[in-house]
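Protein chains in written order, with the numbering used here: chain A, 232 to 925; chain B, 232 to 925.
Mixed in with the good hints there might be a few duds.
Note: identical chains are not told apart, hence a pair may lie in one copy or across any two.
[To be verified] Below, simulated BS3-like cross-link-like pairs (lysine-lysine); rule was C-alpha separation at most 25 Å, straight line:
| hint | residue 1 | residue 2 |
| --- | --- | --- |
| 1 | Lys482 | Lys462 |
| 2 | Lys323 | Lys547 |
| 3 | Lys806 | Lys323 |
| 4 | Lys575 | Lys865 |
| 5 | Lys323 | Lys906 |
| 6 | Lys655 | Lys462 |
| 7 | Lys256 | Lys906 |
| 8 | Lys906 | Lys324 |
| 9 | Lys806 | Lys906 |
| 10 | Lys611 | Lys324 |
| 11 | Lys525 | Lys831 |
For the record, the hints were derived by calculation from the structure and aren't laboratory data.
2 protein chains.
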Amino acid sequence: TAGWSDIDVRAVDTVRVLAADAVQKTGNGHPGTAMSLAPLAYLLYQHVMRVDPNDPEWIGRDRFVLSCGHSSLTQYIQLYYSGYGLELDDLKKLRTWGSKVPGHPEYHHTDGVDITTGPLGSGIASAVGMAMAQRRQRGMLDPDAAPGTSPFDHHIWTVASDGDMMEGVSGESASLAGTQELGNLIAFYDQNQISIEDDTDVSFAEDVAARYEAYGWHVQTVDWRLGGSSKGDGDYVEDVDALLAAIEAAKAVTDRPSFIALKTILAWPAPNKMGTGKAHGSALGDEEVAATKKLLGFDPEQTFEVSDEVISHVRKAKERGAQAHAEWQKGFDSWRSANPDGAKLLDRLVAHELPAGFDAAFPTFDTDAKGIASRAASGKVLTALADVMPELWGGSADLAESNNTTMDGQPSFIPANRQTEAWKGNPYGRTLHFGIRENAMGMALNGIALEGLTRPYGGTFLTFSDYMRPAVRLAALQRIPVTFVWTHDSIGLGEDGPTHQPIEHLAALRAIPDLAVVRPGDANETAAAWKAILTRRGPAALALSRQALPTLDRSEYASADGVDRGGYTLADSEKDTPDVILIATGSEVSVAVAARKTLKEKGVDARVVSLPCREWFFDQDQSYRDQVLPPNVKARVSIEAATTFGWHDIVGDNGVAIGIDHYGESADGALLMEKFGFTSEHVVQAAQDVLNSL
Amino acid sequence: TAGWSDIDVRAVDTVRVLAADAVQKTGNGHPGTAMSLAPLAYLLYQHVMRVDPNDPEWIGRDRFVLSCGHSSLTQYIQLYYSGYGLELDDLKKLRTWGSKVPGHPEYHHTDGVDITTGPLGSGIASAVGMAMAQRRQRGMLDPDAAPGTSPFDHHIWTVASDGDMMEGVSGESASLAGTQELGNLIAFYDQNQISIEDDTDVSFAEDVAARYEAYGWHVQTVDWRLGGSSKGDGDYVEDVDALLAAIEAAKAVTDRPSFIALKTILAWPAPNKMGTGKAHGSALGDEEVAATKKLLGFDPEQTFEVSDEVISHVRKAKERGAQAHAEWQKGFDSWRSANPDGAKLLDRLVAHELPAGFDAAFPTFDTDAKGIASRAASGKVLTALADVMPELWGGSADLAESNNTTMDGQPSFIPANRQTEAWKGNPYGRTLHFGIRENAMGMALNGIALEGLTRPYGGTFLTFSDYMRPAVRLAALQRIPVTFVWTHDSIGLGEDGPTHQPIEHLAALRAIPDLAVVRPGDANETAAAWKAILTRRGPAALALSRQALPTLDRSEYASADGVDRGGYTLADSEKDTPDVILIATGSEVSVAVAARKTLKEKGVDARVVSLPCREWFFDQDQSYRDQVLPPNVKARVSIEAATTFGWHDIVGDNGVAIGIDHYGESADGALLMEKFGFTSEHVVQAAQDVLNSL
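All chains, please: the whole structure from these sequences, using the hints.
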């Protein structure tokens, strides 16, 4: 049993009062869940999880993911209790400018917060990625240790709400977790059946526990409502021992993820507002806060009342954390001495260093007029990196062969019993199979990156980046090193037609702050793009062609190393100042190169600028940018087989952007490129028109 | 029983041969599912569905949604058989330029195609919307008819694949359909357990049928593999009578949606490729096609072999369709004469006409310096329209009160037993509760619009438009009258912080072709925006503020009717040619108006242009646009609390775009607006800087 004494009960009740006070003081926020989940959160932080408040970055720690991020107080108050650095004064600044306790938990912002959550479904979905990463990391560093004995063993804990359960991405992820038999993942479902529109009966009739059983999870239900309703009109017993028993049972099940449905009453024990939608996302009001305090034996006149006894009791978490850490350290140290190669690898990964032989590992591609698709070049780069960079791994949302995301010869990351004729592998494998679940893939990639030791990538068609935008945004917001591999990046994909042909996607992705969108123009630019992405360690996306692109002669044209600067002069004019600048990305780079030749025959001296990555280009200093795009050269033509939206700043008032501002068609890709104007003839004509207009 | 004779069997086998031939001829496509689903598709089109090939738009028809859109041949061949206008020559042009049979089924493109599908999960999710719309339409027009007796009763049939089942949006929608007890919806799950990465074992271990039971569906399984594997290594019996019995049982269940898992072998009976990933999305190859033909008793030397006997047999569908239509017409005619008001309404809806009193119904808002949030104004507009426009209905993804999407006093659209304290309603109600399922909401809205008689809208926070982009794109691609209501449209929402504050979303949405993104600047612009959207009948999105916006004095400033042109001169300069033009949208319009006043005091004569909708503005002729933004006025400042990406074409090379190109913070919204530069002082300074630079 949890063995709670009166002081533990008082500490838990203090959580409720603090949650109500913090929201009341700021005037807005989410008090309800923080109140009713206080016992669970307290149990986890004070008793169950292996964490060390003295070292929030400890690699041996369990991970905690608050999928119901709106209930950030659930976590903040425990971080305050355990001694992660938050103090009572911080809690008083909830959701205010410059505070350590923003509306939703933010990675990089508050010590002890392992992940940014808030968008519903995202937390539990990224927890699945963390659980996958934990297994992969163990497989890389300590594969032969008996279960539970490795310093690389730890659990992923996540707390999800009704809203998390409604979002499709959690379902995708739960199905993936079931397939992957992630025994290290334990999810709590706070089943309070209240959301913003109040009683979830109007929209949510399903049997969630049965659904998780169908996904292959180990499912338990702990009912603190004793079969009663969620309205707070019946008995309610916070049976912490029953909850702990379920947790122990979940830990004992190591071949399946565990799901513990905890039936609660939102905002319990607020006498008038518990079990209502109002208690979810609004301050309770002075009266209700006072009534709650009275009920719990607190002084209604006081706010933020924490007794010395309570705080000194809960702060013992620091000692327990230090002890757990020290115990782990022994195992870790003996692992280190027994595994010098592993230790060397781990040190490099923790230091975020690139491996020896990194630069040399990249293939170079010979000049080839026919060339290869940039997706194919990307596949060759990945295969070439496989041995040098064991931390690099990834897969596809069921398009492995199309996305070229498989490193040749690498085993799949799957339970042994799930191997197929096409895919051999093991639980420590490297090739990920996400199924047709793009958003879950993105969220898993985020979780993998957040675990900290590996570098994940994942592929789908560019048009289906739409399905995973919530994940992409969270990768960018958290500035984590996830690489999205999006192939079939234009109408050039051909016959699948408008549903599969991206038009607006490049622009829509470029609009996301802190995401680098890279569209390389040939095989060597593709290699350079991977190099720049892996060197930078930020969120990045590759847009790659389905169709073959000529591999340019780099003795004639500038080195593909220019990719690292986002944009570079690929083929210069003969004059110091070009008559016209042709700016292109990806599959249209060679079209611009061809147009330059024709223009030369017509006496027009054109420069071709390859601009694979706007974001990196705009990161360069002004003098470099002016060198590539001299401000005095107003004759500019851009060409990209995508919407022209967002190109005006590059071409300027006098320039022309060639693109496609409508949906595509189902037909041969090369024919579509011609029909829709992605030809050197069109570029030549546009350049001449621009020159004539000046 | 289906009572199939030899000719039916031959016709079904002919489908398989045609599918293999069509893909082989084009060289790419998806033959496998079209082959193995031939009996199901034939049964539906020839026997089960109430459709009339002579009138593909018949409002009494059952709807068919091919959720596995890649298997478009499944539908095309049946349309050819039934006589919808496709002929053998069309099938020969599969996936080629200008043909009637594109890679995926496209609405507006091929008679008999009720919806564009291809992005997985979208079809079944929109089918849920169709089923909801059918119920609402019946409720509007013929609420008292006994079940199954109304001309407005029909079924929605959808065929989904493993990929559809993996996508989270189908899960969201299935949960919604279960909650809504949609007895008119019957979904087939083609459980062939093959996707592009071959055997789905690597990614998909769940029990799908059990999951649908958990959602509250009526679930049946028909196993043509007789318990054997999906590889084609065991017996296989296409028991059409068992399938038909399941269909009849599904029709008999009217209080729940029905799910029929049909266990098939992909590409059966292709001797070497059935049950493989290759047969999913590639031509089978000449040899395999020949072997299949031989096995089925076709001449391997011939292609597109359809016997006269087969085609005359299957074309009888036209007669049966005419007969079914005629029978329906009797009931419809008697409904008409008994319901003159209903008939009048129906005629208007079918003609896509606006109601009498439409213009007069819109509220006008008095000048008010404090003003109201545009989301609140939107709510008032909806309430004002409720009585005039019964076809208008909608709801929210669990943010009703925040999105102001509820028309006051209108009942919820829910089964009677799902009413709550907060929401009263009935199965014919009007207020939709989507739960926290944005993508399912979007797909349902699409389905509702495609049903044809009503005008749906749905709300969430603008930042969560990311979750529903796949649906938004399909609305735009299909050019259907869906209105997205996205509130909390900037950092001005405040404390919820960066996960909830849109930055890139306006740009990302503007990049979508054929979607009108409308961000009104005050309450009267909000009313004008709704009017313009409803008049236009296209896909549109409203971006609305959380915070109050001043209601401008329209006697001092131009009429809000200018919204209809996308952009207009709100406050003009005194001179004919303004010194500077300030261009703003939404909450920043009043900031620009204030800046204009200050500039005037400083001797700078500024024009303020309100630009609520780029798309409508660019639809105007050049002379109007030049009148609003005279080309010779190079001093331009735009202000919008969002990324500046995509603004350069408006402000030009000499102008400045004020925006926010990084993520927000958790703090008071007004404070954030100030901290991040959305103040009249900043606009004034920017205007002066621009003027100084010229």
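Hints versus structure:
When the C-alpha separation of lysine 482 and lysine 462 is checked against a cutoff of 25 Å, the pair qualifies neither within a copy, at 31 Å, nor between copies, at 37 Å. Taking the shortest Cα distances, lysine 323 and lysine 547 sit within 25 Å of each other inside one copy (23 Å), while across copies they are farther apart (76 Å). For the identical chains of this complex, lysine 806 and lysine 323 are neighbours neither inside a copy (65 Å) nor across copies (53 Å), given an alpha-carbon limit of 25 Å. In this assembly of identical chains, the alpha carbons of lysine 575 and lysine 865 never lie at most 25 Å apart, being 53 Å within a copy and 60 Å across copies at closest.
When the C-alpha separation of lysine 323 and lysine 906 is checked against a cutoff of 25 Å, the pair qualifies only between copies, where the shortest distance is 22 Å, while the shortest distance within a copy is 62 Å. In the homo-oligomer, the alpha carbons of lysine 655 and lysine 462 lie at most 25 Å apart only across protomers (17 Å), although the nearest pairing inside one protomer, at 51 Å, exceeds that limit. With identical chains, the CA atoms of lysine 256 and lysine 906 are at most 25 Å apart between copies only, with a shortest distance of 22 Å across copies and 62 Å within one. Taking the shortest Cα distances, lysine 906 and lysine 324 sit within 25 Å of each other only across copies (18 Å), while inside one copy they are farther apart (59 Å).
Taking the shortest Cα distances, lysine 806 and lysine 906 never come within 25 Å of each other, neither inside one copy (33 Å) nor across copies (47 Å). In the homo-oligomer, the alpha carbons of lysine 611 and lysine 324 never lie at most 25 Å apart, since the shortest distance is 52 Å inside one protomer and 35 Å across protomers. Taking identical chains as interchangeable, the C-alpha atoms of lysine 525 and lysine 831 are never at most 25 Å apart, the minima being 86 Å within one chain and 59 Å between chains.
In terms of the numbered hints stated before, the structure departs from hints 1, 3, 4, 9, 10 and 11, listed from lowest to highest.
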